[in-house]
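Take the sequences, apply the hints, and build the full model.
Chains as they are written, first to last, in full-length UniProt numbering: chain A, 1 to 453; chain B, 1 to 453.
Derived from the structure by calculation, the hints contain no laboratory data. Using N, Cα and C, we set each Cβ at its ideal position, and we do this for glycine too. A hint or two may mislead.
As the list claims (entries may be wrong) - To give an idea of the interface, some chain B residues facing chain A are shown, with a C-beta separation under 7 Å as derived from the structure:
1) R185
2) S244
3) L410
There are 2 protein chains.
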Amino acid sequence: MTNTCRVIIIGGGFAGLEAAKALSRAPVEITLLDRQNHHCFQPLLYQVATAALTPADVAWPIRGILSGQQNARVLMANVEGIDTKRRRVRTGGGTFPYDQLIIATGATHAYFGHDEWAPHAPGLKRIEDATEIRRRILLAFERAELEDDAERRQALTTFVVVGGGPTGVEMAGAIADMAHDALPRDFRNVDPTRARVLLVEAGPRPLAAFPEPLSQYARRALERRGVEVLTGETVTSIGPETVSIGDRSIRAGAIVWAAGVAASAAADWLGADRDRAGRVKVSPDLTVPGLPEILVVGDTAAVTDENGKPVPGIAPAAKQMGRYAASVIAARVMGQPLPGPFRYRHQGDLATIGRKAAVVRLRRLTLKGSLGWAFWGVAHVYFLIGLRNRIAVAFSWLWDYVTFGRRSRLITQPANAHPAEAEAEPAGSSGQPSAATPAENAGITPQAGRVWG
Amino acid sequence: MTNTCRVIIIGGGFAGLEAAKALSRAPVEITLLDRQNHHCFQPLLYQVATAALTPADVAWPIRGILSGQQNARVLMANVEGIDTKRRRVRTGGGTFPYDQLIIATGATHAYFGHDEWAPHAPGLKRIEDATEIRRRILLAFERAELEDDAERRQALTTFVVVGGGPTGVEMAGAIADMAHDALPRDFRNVDPTRARVLLVEAGPRPLAAFPEPLSQYARRALERRGVEVLTGETVTSIGPETVSIGDRSIRAGAIVWAAGVAASAAADWLGADRDRAGRVKVSPDLTVPGLPEILVVGDTAAVTDENGKPVPGIAPAAKQMGRYAASVIAARVMGQPLPGPFRYRHQGDLATIGRKAAVVRLRRLTLKGSLGWAFWGVAHVYFLIGLRNRIAVAFSWLWDYVTFGRRSRLITQPANAHPAEAEAEPAGSSGQPSAATPAENAGITPQAGRVWG
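Set out below in structure tokens:
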């Protein structure tokens with residue numbers, strides 16, 4: 001009976017989710033494993049980090065996305081290893097046998113051998129990263145408001161973004177927009193419009209993937225917002241609220257890492273060949289050499305396009321690989337001819353700098369400025385999951401566009417149920433005030449109800 | 001020059017915020033201190049804990065609320081003590097002198113001398129409490145889905161709410177609604193509709209503040225949703241995922257504490273007389289005996305109404321005290337006659353059980369069922385701060401009403417910037433999967449832009 005082909009997909013990101021959906025009509029039993037309970041629309045994570053969107057706007061429970069797909073189950077489990085001989089995936093929640101395995105575990109931040117920089121310069125991969133960066137940026141302004149010394153105030157309101165790719169450009173632009181548009185009227189002692197934002201890129205120009213003119217436009221648009229774009233400069237060390245660029249040392253209130261990524265541990269699990277970024281070297285059909293029942297997709301796979309250029313670590317590439325892997329498995333299960341080798345179709349590049357400024361390069365089309373910005377916004381709303389989030393995000397963007405506001409400027413500490421523990425400083429919250437209890441007790445005492453007025 | 005009267009308000013909750021607003025036209029310099037950067041609309045926190053609303057729906061940056069008030073500044077600082085002789089407030093962010101001081105530091109959970117219960121049964125006071133409770137409830141279902149043993153599955157999907165006041169009733173009803181409405185179609189191995197929800201109340205009936213009939217209705221409405229309402233039963237001990245009620249021991253996937261509160265440390269700061277709940281015993285004009293320049297308001301103050309009944313710890317009472325304290329200070333500063341003693345006007349009681357079920361008792365009006373529920377919803381939307389959140393919350397409620405959905409079902413871990421640390425189990429996340437990296441890397445690599453498709 002064909003319905004017993006067990007397909008395990010590890011990772012509920014763009015690649016894994018796409019693979020699961022593409023197998024919805026195949027006679028297989030899909031188990032999707034992820035350590036998180038939610039899929040994160042990572043391209044908009046920088047907007048959570050800069051208080052424009054709230055986590056629920058860009059994340060959905062994976063099991064909610066696949067709830068209608070009867071041949072799929074979703075398990076929140078932490079993969080510990082893969083027994084390729086006995087075809088089992090070992091997790092913290094049990095061991096699961098597979099007939100076909102898709103590995104889509106993505107990538108994480110890479111600090112070029114300087115992992116000690118990580119606590120001082122978080123990257124932007126998970127919801128938790130975004131809320132932590134948001135906390136650090138907002139807290140820097142709060143501390144500056146309390147600071148009498150003008151120099152320390154300037155240091156606290158200095159923000160350094162390392163890496164001039166789309167994420168770095170978007171973060172730098174968004175921090176500058178927030179400082180100029182949303183914050184000024186809220187502060188008395190510090191002038192947020194005087195905040196410094198530095199974007200450090202080792203290469204000759206930001207957005208290196210884009211044509212020269214768009215890259216130049218991006219630089220000008222950033223500089224128009226007061227962002228200092230440092231190109232051809234390398235970060236030599238990162239410490240607590242300090243970044244060394246070349247031989248200069250810069251004090252900063254928050255530092256964001258957007259300079260690079262490395263693949264997940266998949267190569268270790270498989271004992272497979274990997275490239276320098278740790279990505280599994282796969283065959284042209286995305287299978288692991290010697291392990292045809294295992295396909296590796298998304299940022300975990302080292303794949304090149306027809307020109308031998310590495311496939312970029314972007315959502316469309318991940319989705320294409322996910323769909324391809326599904327088609328291979330479907331063909332195998334149904335005894336149909338296998339598809340040809342995976343071919344990546346690059347649809348274009350998109351990056352936003354900030355309010356009314358973005359760069360778009362599709363096959364024929366090139367856009368920038370307000371038009372590019374509008375296209376960027378529409379495209380992102382379109383690719384969000386679910387009508388509800390499309391409405392919520394579109395509403396947020398329109399509201400903020402009109403009001404210059406930022407909705408979710410919340411400084412929240414790590415979840416902590418114990419009042420006593422709550423007194424303690426949460427990790428990395430240097431200077432975080434934390435003892436006085438806010439007066440927020442309404443109707444929690446058993447002896448009373450509540451009414452408003 | 002009269003404009004130099006320095007008023008310090010400690011606490012940006014309902015009482016402190018109301019006091020600050022009521023002084024907007026007075027010739028004073030207001031400094032509002034809070035350890036948090038946001039005001040939390042605590043009455044709707046249970047909806048964040050049950051994934052109906054997202055934190056940004058019920059919290060606002062305090063400085064945003066007061067940005068237009070030129071005589072007020074907001075500082076995020078942790079109060080460490082008060083020098084009543086030299087009239088200074090000591091904080092982690094510096095020492096601030098005052099001429100008039102309003103203390104509105106609220107209350108925190110009280111475990112009746114069993115603080116060791118706190119880590120196992122979080123209360124619901126701060127945004128962080130709500131997201132932690134949300135994490136525990138959702139994680140319990142995730143763990144149950146992985147569980148083969150039916151008995152352990154039942155234990156994991158058992159939820160105990162301690163305390164039958166409005167918060168307890170609302171939590172129990174909301175958990176039951178979520179289990180019955182939002183979750184079933186998402187799970188394969190566990191049946192969320194078979195989740196057990198226990199509400200434990202030491203008194204004879206839930207919602208003791210309400211008239212008997214409404215209280216009976218609330219019990220029936222809870223039981224109709226499958227909530228087991230245990231009255232006249234005391235919790236004798238709470239351990240990891242275990243609650244002892246009388247001599248029975250019950251295994252639970254999550255435990256919520258809604259049984260009582262104690263005032264903040266204000267009495268210690270002042271060395272003032274306090275009642276058993278730790279509230280400062282104030283004079284009829286809310287000043288501290290012997291310290292007329294210090295007023296204590298909200299849940300930090302022990303105040304009785306004209307019948308000698310203690311004023312309940314609810315938002316309207318806090319707001320009334322805040323306004324009164326402001327009027328006293330304004331009168332002093334402008335040399336006008338002082339107002340009479342504070343008189344609490346109880347406007348009524350409101351509590352919601354869940355979908356289409358709430359109880360409302362105003363002076364003449366008594367409502368229950370759908371009508372009460374509609375009134376409750378309109379009242380709460382009305383009292384939210386800002387048009388934007390009113391629209392956002394109303395939209396969320398209408399959407400969920402139609403779709404039976406729950407938007408923000410996110411299990412998020414404590415903020416953690418370090419990939420290595422991210423491998424570690426966060427505090428209290430028993431059984432939390434955490435190593436495999438989700439495939440969420442889109443366009444973060446410097447060498448690529450992004451487009452959707």
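Going down the list of hints, with the structure as the test:
| no. | hint | verdict |
| --- | --- | --- |
| 1 | R185 | holds, 5 Å |
| 2 | S244 | violated, 19 Å |
| 3 | L410 | holds, 5 Å |
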